[in-house]
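2 protein chains.
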Amino acid sequence: MLYPQPMTRLIHELSKLPGVGPRTAQRLAFHVLTLSDEEVGKLAEALLEAKHKIGFCTICGQLTETSPCATCRDPGRDQTLLCVVEEPKDVIAMEKTRIFKGLYHVLGGAISPLEGIGPEELRLKELLDRLRTGSFEELIIATDPNIEGEATALYLSKILHPLGLRITRLARGLPVGGDLEYIDEITLSKAFEGRTDL
Amino acid sequence: MLYPQPMTRLIHELSKLPGVGPRTAQRLAFHVLTLSDEEVGKLAEALLEAKHKIGFCTICGQLTETSPCATCRDPGRDQTLLCVVEEPKDVIAMEKTRIFKGLYHVLGGAISPLEGIGPEELRLKELLDRLRTGSFEELIIATDPNIEGEATALYLSKILHPLGLRITRLARGLPVGGDLEYIDEITLSKAFEGRTDL
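Chains as they are written, first to last, in the working numbering: chain A, 92 to 289; chain B, 92 to 289.
Simulated from the structure, these hints should not be mistaken for lab results. The structure presented is a predicted model; accordingly, all values stated were derived computationally and were not measured. Beta carbons: idealized from backbone N, C-alpha and C, even for Gly. Worth double-checking, as some hints may not be accurate.
Claimed, not checked - Label pairs and their calculated CB-CB ranges:
no.	chain 1	residue 1	chain 2	residue 2	range
1	B	Thr99	A	Glu284	55 to 61 angstroms
2	B	His122	A	Phe191	38 to 44 angstroms
3	B	Glu130	A	Val267	38 to 44 angstroms
4	B	Glu211	A	Lys187	48 to 54 angstroms
Sequences and hints are given; from them, build the entire structure.
Laid out in structure tokens, this is it:
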């Protein structure tokens, strides 16, 4: 005798989630049995609703219930600034700062030969179309500060320079609140290179 | 602009799961969006099905779709042996060994004053009823080898000794495949105490 079939099935489905192994799946499944019918119903419904209602904005590529998304439709956003990020969650991170008031473009990833992701897998055609037809004056490249993000930033700057707009990238340096002795050498050397007058 | 409402809702529901914080919930929610409608449907259905179809065996307390469970109904199991465990998953662990052919009794936990779990929270009345009306000759206490499990085992042996059956417990000793130098002193001292002739 092992688990009843619906339990085995739930463990199997849960273990397909990222970072969830068989042990965690078992723990989650047991937890589900301790919830009320209503709580399980809410979780199941949230899964289905999110999957069915959320799509990508046809302009910027951000997650949205309606396309174009609220940001792309907002006339109050600065139509001359375009910030290029890798993933939808990067837009959320940027918005939380409340600093940036321009528009976004989500690439949908970064160039990574190891994972078989080349430029053609990214939303580059859409980016070029926007830059050609829009009124953008500055393109801010905000890819991740890792190898794939750097490669993507260099590739973008190479293909976009002919368009003649200002291309910038986010500053590299010390993370605020960090402890100098624990900061890696590469970040520290970038912080030296980019030092500013006080 | 933050996430679309269905996404926020899904992240909220996922973060209620044990061991799932806001970051993990976000990662899981993004993963859900990358799945096909069919895959999300299967996960949601598995949640609802497990919750609706699985209950506890009225005899042994194990998870089951039908009560009494398959083990309790199986005439091929040794009706003279009863193994007491804390949780339904302990039954699964025991069954995987294929050594034990008797019946089980799931307590539903262990005595833990710190967590406010006393003997009255466990399935002890059901255990006493089974021992009085059944044909059991030996009771094997297989609670967890930790403080709560030990306390529960001692409590059980105290209240059950008057019934006159043989009461045993699982051996303490070196875990097979372990490395002697990494084994804690308490386990090692238990292994000394319980040493057997070769």
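Consistency of the hints with the structure:
| no. | hint | result |
| --- | --- | --- |
| 1 | Thr99(B) to Glu284(A): 55 to 61 angstroms | 39 angstroms, violated |
| 2 | His122(B) to Phe191(A): 38 to 44 angstroms | 27 angstroms, violated |
| 3 | Glu130(B) to Val267(A): 38 to 44 angstroms | 40 angstroms, holds |
| 4 | Glu211(B) to Lys187(A): 48 to 54 angstroms | 49 angstroms, holds |
Violated hints for the displayed structure, listed by number in ascending order: 1 and 2.
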